[in-house]
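Asks: Read off the chains here:
Number of protein chains: 2
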Amino acid sequence: MSSDRIRLASLQSKVVSAAEAASLIKDGMTVGMSGFTRAGEAKAVPLALVEQAKTNPLKITLVTGASLGNDIDKKLTEVGALARRMPFQVDNTLRKAINEGKVMFTDQHLSETVEQMRNYQIPRPDIAVIEAVAITEKGHIVPTTSVGNSASFVQFAKQVIVEINTTLSPDLEGLHDIYIPEERPNRTPVKLVRPEDRIGTTAIEVDPSKIVAIVFSDLSDSPSNVQPPDDETQAIADHLIDFLKKEVTDGRLPNSLRPLQVGIGTIANAVTSGLIKSPFTDLVQYSEVLQDSTFELLDAGKLKFASASSITVSAACGERVFGNINEYKDRLVLRPQEISNLPEIVRRLGTISINTALEFDIYGNVNSTHVNGSKMMNGIGGSGDFARNAHIAVFVTKSTAKNDAISSVVPMVSHVDHTGHDADVLVTEQGLADLRGLAPRERARAIIDNCVHPAYRDALNAYFEAASAKGGQTPHILKEALSWHINLEEHGTMLPR
Amino acid sequence: MSSDRIRLASLQSKVVSAAEAASLIKDGMTVGMSGFTRAGEAKAVPLALVEQAKTNPLKITLVTGASLGNDIDKKLTEVGALARRMPFQVDNTLRKAINEGKVMFTDQHLSETVEQMRNYQIPRPDIAVIEAVAITEKGHIVPTTSVGNSASFVQFAKQVIVEINTTLSPDLEGLHDIYIPEERPNRTPVKLVRPEDRIGTTAIEVDPSKIVAIVFSDLSDSPSNVQPPDDETQAIADHLIDFLKKEVTDGRLPNSLRPLQVGIGTIANAVTSGLIKSPFTDLVQYSEVLQDSTFELLDAGKLKFASASSITVSAACGERVFGNINEYKDRLVLRPQEISNLPEIVRRLGTISINTALEFDIYGNVNSTHVNGSKMMNGIGGSGDFARNAHIAVFVTKSTAKNDAISSVVPMVSHVDHTGHDADVLVTEQGLADLRGLAPRERARAIIDNCVHPAYRDALNAYFEAASAKGGQTPHILKEALSWHINLEEHGTMLPR
Ligand SMILES: CC(C)(COP(=O)(O)OP(=O)(O)OC[C@H]1O[C@@H](n2cnc3c(N)ncnc32)[C@H](O)[C@@H]1OP(=O)(O)O)[C@@H](O)C(=O)NCCC(=O)NCCS
Ligand SMILES: CC(C)(COP(=O)(O)OP(=O)(O)OC[C@H]1O[C@@H](n2cnc3c(N)ncnc32)[C@H](O)[C@@H]1OP(=O)(O)O)[C@@H](O)C(=O)NCCC(=O)NCCS
Numbered sequence: 001m002s003s004d005r006i007r008l009a010s011l012q013s014k015v016v017s018a019a020e021a022a023s024l025i026k027d028g029m030t031v032g033m034s035g036f037t038r039a040g041e042a043k044a045v046p047l048a049l050v051e052q053a054k055t056n057p058l059k060i061t062l063v064t065g066a067s068l069g070n071d072i073d074k075k076l077t078e079v080g081a082l083a084r085r086m087p088f089q090v091d092n093t094l095r096k097a098i099n100e101g102k103v104m105f106t107d108q109h110l111s112e113t114v115e116q117m118r119n120y121q122i123p124r125p126d127i128a129v130i131e132a133v134a135i136t137e138k139g140h141i142v143p144t145t146s147v148g149n150s151a152s153f154v155q156f157a158k159q160v161i162v163e164i165n166t167t168l169s170p171d172l173e174g175l176h177d178i179y180i181p182e183e184r185p186n187r188t189p190v191k192l193v194r195p196e197d198r199i200g201t202t203a204i205e206v207d208p209s210k211i212v213a214i215v216f217s218d219l220s221d222s223p224s225n226v227q228p229p230d231d232e233t234q235a236i237a238d239h240l241i242d243f244l245k246k247e248v249t250d251g252r253l254p255n256s257l258r259p260l261q262v263g264i265g266t267i268a269n270a271v272t273s274g275l276i277k278s279p280f281t282d283l284v285q286y287s288e289v290l291q292d293s294t295f296e297l298l299d300a301g302k303l304k305f306a307s308a309s310s311i312t313v314s315a316a317c318g319e320r321v322f323g324n325i326n327e328y329k330d331r332l333v334l335r336p337q338e339i340s341n342l343p344e345i346v347r348r349l350g351t352i353s354i355n356t357a358l359e360f361d362i363y364g365n366v367n368s369t370h371v372n373g374s375k376m377m378n379g380i381g382g383s384g385d386f387a388r389n390a391h392i393a394v395f396v397t398k399s400t401a402k403n404d405a406i407s408s409v410v411p412m413v414s415h416v417d418h419t420g421h422d423a424d425v426l427v428t429e430q431g432l433a434d435l436r437g438l439a440p441r442e443r444a445r446a447i448i449d450n451c452v453h454p455a456y457r458d459a460l461n462a463y464f465e466a467a468s469a470k471g472g473q474t475p476h477i478l479k480e481a482l483s484w485h486i487n488l489e490e491h492g493t494m495l496p497r
Numbered sequence: 001m002s003s004d005r006i007r008l009a010s011l012q013s014k015v016v017s018a019a020e021a022a023s024l025i026k027d028g029m030t031v032g033m034s035g036f037t038r039a040g041e042a043k044a045v046p047l048a049l050v051e052q053a054k055t056n057p058l059k060i061t062l063v064t065g066a067s068l069g070n071d072i073d074k075k076l077t078e079v080g081a082l083a084r085r086m087p088f089q090v091d092n093t094l095r096k097a098i099n100e101g102k103v104m105f106t107d108q109h110l111s112e113t114v115e116q117m118r119n120y121q122i123p124r125p126d127i128a129v130i131e132a133v134a135i136t137e138k139g140h141i142v143p144t145t146s147v148g149n150s151a152s153f154v155q156f157a158k159q160v161i162v163e164i165n166t167t168l169s170p171d172l173e174g175l176h177d178i179y180i181p182e183e184r185p186n187r188t189p190v191k192l193v194r195p196e197d198r199i200g201t202t203a204i205e206v207d208p209s210k211i212v213a214i215v216f217s218d219l220s221d222s223p224s225n226v227q228p229p230d231d232e233t234q235a236i237a238d239h240l241i242d243f244l245k246k247e248v249t250d251g252r253l254p255n256s257l258r259p260l261q262v263g264i265g266t267i268a269n270a271v272t273s274g275l276i277k278s279p280f281t282d283l284v285q286y287s288e289v290l291q292d293s294t295f296e297l298l299d300a301g302k303l304k305f306a307s308a309s310s311i312t313v314s315a316a317c318g319e320r321v322f323g324n325i326n327e328y329k330d331r332l333v334l335r336p337q338e339i340s341n342l343p344e345i346v347r348r349l350g351t352i353s354i355n356t357a358l359e360f361d362i363y364g365n366v367n368s369t370h371v372n373g374s375k376m377m378n379g380i381g382g383s384g385d386f387a388r389n390a391h392i393a394v395f396v397t398k399s400t401a402k403n404d405a406i407s408s409v410v411p412m413v414s415h416v417d418h419t420g421h422d423a424d425v426l427v428t429e430q431g432l433a434d435l436r437g438l439a440p441r442e443r444a445r446a447i448i449d450n451c452v453h454p455a456y457r458d459a460l461n462a463y464f465e466a467a468s469a470k471g472g473q474t475p476h477i478l479k480e481a482l483s484w485h486i487n488l489e490e491h492g493t494m495l496p497r
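Chains G and D, in that order, are what the protein sequence lines are.
So in UniProt numbering, spot 136 of the first sequence is number 136, and the numbers just go up one at a time.
So in UniProt numbering, spot 76 of the second sequence is number 76, and the numbers just go up one at a time.
Since the hints were derived computationally from the structure, they do not count as laboratory data.
Keep in mind that a hint or two might mislead.
Dumping the calculated PhoX-like pairs for lysine-lysine here, alpha-carbon to alpha-carbon at most 25 Å [what the hints assert, rightly or not]:
| no. | chain 1 | residue 1 | chain 2 | residue 2 |
| --- | --- | --- | --- | --- |
| 1 | D | Lys246 | D | Lys277 |
| 2 | D | Lys479 | G | Lys479 |
| 3 | D | Lys59 | D | Lys74 |
| 4 | G | Lys470 | D | Lys96 |
| 5 | D | Lys102 | G | Lys470 |
Only part of the chain D face toward chain G is listed, based on derived beta-carbon distances under 10 Å [what the hints assert, rightly or not]:
| no. | residue |
| --- | --- |
| 6 | Pro181 |
| 7 | Gly251 |
| 8 | Ala467 |
Just so it is clear, the structure is predicted and the values come from calculations on it, not from any experiment.
We put the beta carbon where it would ideally sit given N, CA and C, even for glycine.
Just chain G, with the same shape it has in the complex (with noise of 0.2 Å):
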């Protein structure tokens, strides 16, 4: 096992417990670890670190891809251990500590976090922790379900541990294109143009000095939790597939659209699902993940190809794709998020975008993190890396959330991810609105008329009438701007009374 797993002899020998590896994570230490939306994250270690954390504490930075899977962040909050953490999270433990202002958690770009690290405007990781199928011959990491930031950490660290996960199949060696931008001022342009291209290696290269540990472990990624389709969901991908197909009648895109880019969520699943009974053929994705809605499409015969830095999927699509990755490989490549997301491909390609928001205005600035203002959600994640810099930038959610308490399309947003400026096609369940080229009365007019749900809908006509009465560009009233937030806070629904 040992020497198929790890190829280069000498480094045999550093093979170690968890427990003695998790011992080299010490307090006040910066920890770049591998993990971008709950795949490919490393386990036996942070789980080690959990339990020594109980009887020696310590508060560590832990820099990741995006999210952890395996309870990873909440046990992690639960002993303490978290004093700092970026750039992205989706867990419920972890997020009520960072509301309540006990970890500093830094919300940034994904694309932006080894930029950063590279110019040393963050602290650079003092050690790694990089889940891998194998070691090669040269000593060099072969990642396994993710690659997310796990290359520039091994880059910059000190001191790199590897956790090896056996149950993967060493054949996931070639899924992998690794590529590192240079330092400035002698970066050059990446030369990617296809989502297919590959311009790097399949393994992460270190110098075999600095891996001073290589833990074997048997855990799994954690299974993607996407829910099925509903009616609305349901809705919201046939407002867009016929949006697209108008795009593509009308000659503003050819059949087989542009690369998609397709954020992580129960929507985006089921729009990228939609797509299987849609006209278009021989599709691309370059993505941030991929989740079971790729594998179909992929299946189908409708995806060519599919470029992201993570597959995010539930156990029996993971179990039919890493069972039989041989059959994949020529149509899927894991690219670091630098490069997944970098603002230079993204527009060179002109990837048709699809991300989440929690709320959106009728001037279309959108709210991707913050509920009522306040309380962080995730993070931004790589949504703006996409939306600044996409050819069509679209943004999903149903109309209202919380049994219609909550409406989706209010008067002003409570926190700003994206502008208006960023923001082109809006969809809820009850419609799509196109903002492109338009001004900001039109786009109030377009948001109101197509995507606010029916029981708010008079309210937002009322407050964008009385607005505009008063003037300006985006003619806001500012007293009652964000009234529908204060009602939901004072009385539990922001439905007018």
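Once you have looked at the hints, place chain D with the ligands on chain G.
Replies: Just chain D with the ligands now, kept in the frame of chain G:
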């Protein structure tokens, strides 16, 4: 004259009066006009159009590079000729019409306008009106003091009017570098890796048969109206230069810094001027617009090279530069704004970007455009293209406006153009807040301690502390978040009573 300036003989017969050329512009047309930050706009033709509109009313969509000089926006507004305007403006009369909802204004990232035209997401110009110093032997158009969107307008328009400005030397030929990205999906990397790289042609390529009229004009660019530094702009410059010195001392920047992008305006000009006495050497600029201060630095040998999309200078500086253009030509280049502002290049080079804010809030969200949430000032311009992708994104503003009646540091901005993710450093005359890597509660501390005016400090502190006690990642009290702006509307001042 005509044969010097119109070197393709077959085009010499196209010379007409400005009035004849203007009559080609018809009601309902989309007009793509040269002009960027009041530099290089077509002058005689739009002014003739104004005259015609007095008796023959018409409404057009006017698309430019950025703002225009010679009161063209004012005059077109006064005669009611503007139905729509994009992507930027700075005129009082037009601004008023926009805010009254009489002109539909689409505010855009300046790198994106022609991208959207290319993809038929906004209308392509029916006709282009381009200021030039000459037409070459091949019929190609040599621009004047800006490039803006002219090259793409010429490519997209069915008809082209060229306005030859005889006040400018034909020696400007060679100053420009015209490059247009390919259509997707065949787009390749933009091969610019240093600000001084030339990747295109010196004139705008065009099929000469599209040139339907040529007009001679002797009208000059409006001179820059930048004010000399005052104590406050000087203090802002000093704080920023101290910060940059420390970045060099700490090894995070070389002594030549990184390519500088500096916005238009008095503060920006003061900051650039301040560099003359700094210890930095071999500076380069990769900017949108060059102001007087650029030429002070070039003359002083501090600056090695400057790249931009326009030159907007005082009358005296203009005489010096354009009267001796051959002395500057090897240290200057003017590019299409799609290239000067391209996310791909800004991120690759890693600019230090300095732009002016109207206001920012305690979490680092920046408002560049809307006074009190509703009233458009100018537009986002290139600030977003740069701030999102810069090495260090700096926003500067005086801590108060209107004799301290307005604090430019507020609990919650009334409009967001740049989210906290995209603002690294905030500076007022009070001091500088370095936000890199900080969580929002830490950002609030840094901003309140360093940037706010003393008259507002206690009130801002009180807000932040009360909000923090309520909790959240970006703690807010929604009932009070916009109360400073509401105070201003109701009582003419934000000052706590
Ligand atoms: C916005 C986001 C939180 C939506 O998540 P989702 O799981 O797809 O959507 P859901 O409709 O299930 O909403 C999630 C929760 O937010 C709540 N919610 C939705 N809209 C809301 C609103 N306007 N106000 C308050 N809560 C809202 C839902 O009720 C639900 O609550 P629950 O968890 O208690 O059931 C998520 O997509 C996200 O984090 N986006 C930002 C990151 C991103 O876009 N990444 C891009 C690529 S991965
Ligand atoms: C923000 C911006 C309007 C500031 O303009 P400026 O001329 O540099 O700065 P000033 O301090 O003179 O402010 C301009 C006006 O705004 C007013 N102002 C400033 N802060 C204000 C605030 N917080 N609330 C209301 N008004 C404010 C000033 O009083 C002044 O008013 P006046 O014209 O009646 O005198 C300008 O920089 C801009 O349009 N920026 C967006 C575009 C951009 O950044 N382009 C980047 C590259 S070119």
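Asks: Take the C-alpha atoms of D:Lys246 and D:Lys277, compute the straight-line distance between them, and say whether it is at most 25 Å.
Replies: Given that 25 Å is the threshold and the Cα spacing comes to 16 Å, the pair holds.
Asks: Holds or violated: is the Cβ of D:Ala467 closer than 10 Å to a Cβ in chain G?
Replies: Given a least distance of 7 Å, the restraint on D:Ala467 holds.
Asks: Holds or violated: D:Lys102 with G:Lys470, Cα cutoff 25 Å?
Replies: holds, 13 Å
Asks: Using 10 Å as the Cβ threshold, decide whether D:Pro181 counts as touching chain G.
Replies: Result: holds, 8 Å to nearest chain G Cβ.
Asks: Just to be careful: measuring from the Cβ of D:Gly251 to every Cβ in chain G, is the smallest value less than 10 Å?
Replies: Check passed: Cβ of D:Gly251 comes within 7 Å of chain G, closer than 10 Å.
Asks: What's the verdict on G:Lys470 and D:Lys96, does the C-alpha distance respect the 25 Å limit or exceed it?
Replies: holds, 13 Å
Asks: What's the verdict on D:Lys59 and D:Lys74, does the C-alpha distance respect the 25 Å limit or exceed it?
Replies: Status holds; Cα separation ~14 Å.
Asks: Regarding the pair D:Lys479 and G:Lys479, is the alpha-carbon distance no greater than 25 Å?
Replies: It holds: about 9 Å lies between the C-alpha atoms, which stays within 25 Å.
In summary, this structure violates none of the numbered hints.
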